[in-house]
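Heads up: the protein sequence lines correspond to chains W and A, in order. Taking the working numbering, the leading residue of the first sequence gets 805, the next gets one more, and so forth. Taking the working numbering, the leading residue of the second sequence gets 805, the next gets one more, and so forth.
To be clear, the hints were calculated from the coordinates, so they are not data collected in a lab. Backbone N, C-alpha and C fix where the C-beta goes; we use that ideal spot for every residue, glycine too. It cannot be assumed that every hint is accurate.
[What the hints assert, rightly or not] Not everything, but these chain A residues come out facing chain W in the computed CB check (under 10 Å): (1) 844; (2) 874; (3) 877; (4) 880; (5) 882; (6) 891; (7) 900; (8) 901; (9) 909; (10) 911; (11) 916; (12) 919; (13) 923; (14) 927; (15) 931.
[Said to hold, decoys possible] Computed footprint of chain A on chain W; a stretch qualifies when at least three of its residues, placed anywhere within it, have a C-beta under 8 Å from a C-beta of chain A: (16) 860 to 866; (17) 924 to 937.
2 protein chains.
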Amino acid sequence: MPPGAVSPNTVATRILGLDPGLRITGFGIIDISGSQLRYVASGCIRTSETGERPLPDRLKTLLEGVREIIATYHPGIAAVEKVFVNVNPQSTLLLGQARGAVICGAVSCNLPVAEYTALQIKQAVVGQGKAAKEQVQHMVKRLLTLSGEPQADAADALACAICHAHGSTGLGALTSPFSRRRGGRMLG
Amino acid sequence: MPPGAVSPNTVATRILGLDPGLRITGFGIIDISGSQLRYVASGCIRTSETGERPLPDRLKTLLEGVREIIATYHPGIAAVEKVFVNVNPQSTLLLGQARGAVICGAVSCNLPVAEYTALQIKQAVVGQGKAAKEQVQHMVKRLLTLSGEPQADAADALACAICHAHGSTGLGALTSPFSRRRGGRMLG
């Protein structure tokens, strides 16, 4: 193969992970090339914290925020975390509406959307479904070889993207400097 | 004023009423000109009933359905019913996501969105907040002088549009052939 040519195996798939919330929606973008993960970007879409803005305005911010991220980074798929049902029904309803807006941001750009539960995400990133939030964040940092800790919602979104990458390459196929370190159990 | 000229008082405001649901979202469009209501259109956006289609696809159907209605009828405002919190948290979450998609359909077309509770809608259409669903449907038919009964979800959406018209013209300002008939209580 001539120098600079790209093997079909190394063509990256870009995954947009989304962790929906009405106040803060985290996003994280990674490239997966073969079994290698590469961090691209992450951050948050924030709507007002005071609740002063009407709900439709806040949903518009989420919708347009997701659309803007897609226009900027051109991911090939969105992976969205399945949200928890809150004990407070009113909060559940608000969270549902936020998630609806976030998913609409993706589907309105004709992006396919995959959904993952927190259990699936923890399983993929840490290796067990009952892992603590901090453990997920720690493993996101290690798997993507980040120099600093990403913001919590951004980390959750990156974890969701990693979960999709994990599934699309087959269980245990991801590589990182830390894979297979804990008694041979795959952490990637 | 020359014949055919339109007085500023008779310029109609077109209201899109929306009753969000994941399976069926009702819509109803009315014109309000002065204190006169005029029926324009109504119907339903349906997503799969069997639940076989993934949620993001169904949300896309709702989003695009609302956008299509707006592109067809050019309303000036959307009035959306505030949904009930269901006893089943999972249903509440699904309903929330549907409502998020419906509102995104409106805000993505830069349409302002007003929200009304079922209590406000019943109060506006029937005159009391504890009215039965059938009574609301009956009054929608009478207020808009419809020849037949609209489908239940479409009737709820029309009721929501009437509620907005009611508020925007001041309490009791709407007229219909049946207003003031029941012991002087405003029904419009």
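Cross-check of the supplied hints:
no., hint, verdict
1, 844, "violated (22 Å)"
2, 874, "violated (14 Å)"
3, 877, "violated (19 Å)"
4, 880, "violated (15 Å)"
5, 882, "holds (8 Å)"
6, 891, "holds (8 Å)"
7, 900, "holds (2 Å)"
8, 901, "holds (4 Å)"
9, 909, "holds (8 Å)"
10, 911, "holds (4 Å)"
11, 916, "holds (8 Å)"
12, 919, "holds (7 Å)"
13, 923, "violated (16 Å)"
14, 927, "violated (21 Å)"
15, 931, "violated (27 Å)"
16, 860 to 866, "holds (count 4)"
17, 924 to 937, "violated (count 0)"
The structure fails to meet hints 1, 2, 3, 4, 13, 14, 15 and 17 from the earlier list, while all remaining hints are met.
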